[in-house]
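Asks: Taking the hints into account, I'd like the entire structure generated from these sequences.
Protein chains: 2
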Amino acid sequence: MYSITRTFKNKGLKLTPQRIAVYEYLLGTKQHPSAETIYSALIEKFPTMSLATVYKSLKTLCKVELVQELNLGEGNFRYDAFMEEHAHFQCNHCSTVFDMMNVPTDRVMEAVSGNESFLIESSRLYFYGTCLECQKKNA
Amino acid sequence: MYSITRTFKNKGLKLTPQRIAVYEYLLGTKQHPSAETIYSALIEKFPTMSLATVYKSLKTLCKVELVQELNLGEGNFRYDAFMEEHAHFQCNHCSTVFDMMNVPTDRVMEAVSGNESFLIESSRLYFYGTCLECQKKNA
DNA sequence: TTAATTGCAAAAGCTTTGCATGAAT
DNA sequence: ATTCATGCAAAGCTTTTGCAATTAA
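As given, the protein sequences belong to chains L and H, one line each in that order. All residue numbers for the first sequence refer to UniProt numbering, where the first residue is 1 and numbers rise by one. All residue numbers for the second sequence refer to UniProt numbering, where the first residue is 1 and numbers rise by one.
Facing chain H, a subset of chain L residues (Cβ under 7 Å, in silico):
no., residue
1, 71
2, 73
3, 102
4, 103
5, 112
6, 116
7, 119
8, 124
9, 125
10, 126
11, 127
12, 129
13, 130
14, 132
15, 135
Beta-carbon label-pair distances, calculated as ranges:
no., chain 1, residue 1, chain 2, residue 2, range
16, L, 111, H, 138, 23 to 31 Å
17, L, 29, H, 44, 47 to 55 Å
18, L, 93, H, 138, 42 to 50 Å
19, H, 113, L, 94, 13 to 21 Å
20, H, 74, L, 93, 21 to 29 Å
21, L, 75, H, 43, 19 to 27 Å
22, H, 86, L, 119, 13 to 21 Å
23, L, 110, H, 138, 18 to 26 Å
24, L, 92, H, 96, 23 to 31 Å
Rather than coming from a laboratory, the hints here were simulated on the basis of the structure. Yeah, the Cβ is synthetic: ideal placement off N, Cα and C, and Gly gets one too.
Replies: And the structure:
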C-alpha cells in the first residue's frame, strides 16, 4: 500500500483500483502467478477488468520495480512482488514455483563478478527438481 | 557427428539432413540463436527446409539432451549445444548472450541443496549487465 | 481540466499441430 | 515395406497495440 502510493506519486503515475488490485494480489500470494491467473482471480472483484489491463499494470509495476517478471521456460511469464534478490525453484512434477531463501545470491554474484569481464547488474537463478511434497508421494 | 549418430540410433530416431544441419549449426556458433535465426541461416543450404522442421528438430535434440533451451525473458527461446553445466550472461545493451565458464554451477547447486528440502536436478543461471564491449563504448 | 488509464477488439509474435508427401531404416 | 520425418498451412497461445470512452489528479 504505502510503497505503491509513494512510488506511483513520485513517478507521476496514476493509482487506479486495477493497479492496486494486481499489486495486492501479488503481495498476497506465493504462487508466482501468470497474467492469466491474476486476471482470473481478480475478475470476481472487478468484473469489468480486462486481461490487457492486467498486462499493462504488470508492465508498469515491473518498470517501477515493485514487481519482477520470471521466466521459467514455460512459454509464459510469472510475476513476483517479493523484490529481495532471491532464487527460484520449480518442481518438475507439480510445476509449483518456490522462493529459495537460502541461496546467497549476492555472494554468488560477487564470486562471479570477480572472474569475468562482465559488469553484472542483476540475476535470475532458477533451479529445477522435485519438491518435498512430490518426494513424499513418489517415495 | 559421432554423438548425434550414436544417440539417434540408440533412441530409434531417424538421422535426417535437417536434424544434422540444426545440430551442427548450434555446435558451430556461440550466439545462442533463436529458432528463427537458425532457420534463416540454414535456408541457404536447405532451400526447402521449413521453420516447423527447425522447431521439431530442436524439440527432438532437447529431448535427447544434445541441446538445451534457454529463456532469458525475451519472449522467445534460444538454443545451446554446449551441454556442460554453465551459466549465461546477457548484455542489457547489445543483447548478446555469453557462456560463463567461471561460475561453479555444481558448487552452487551443492550449497543450495544442503539448505533446502528440494531435490535439485538441474539449474538455469542467468546474469544480466554490461558486456566488456559495451563497457568500453560507454566509458 | 487535462493527461493518463481502461477496456475492447484486433493484431502481432512465437510455437505447435494435422496431414499428405517424401525419406530413412 | 514400414515407420518416421518433412513441409505446408492453419491454428493456438501469450502478449502487445490502437483508439474511443473513462477516470485520476
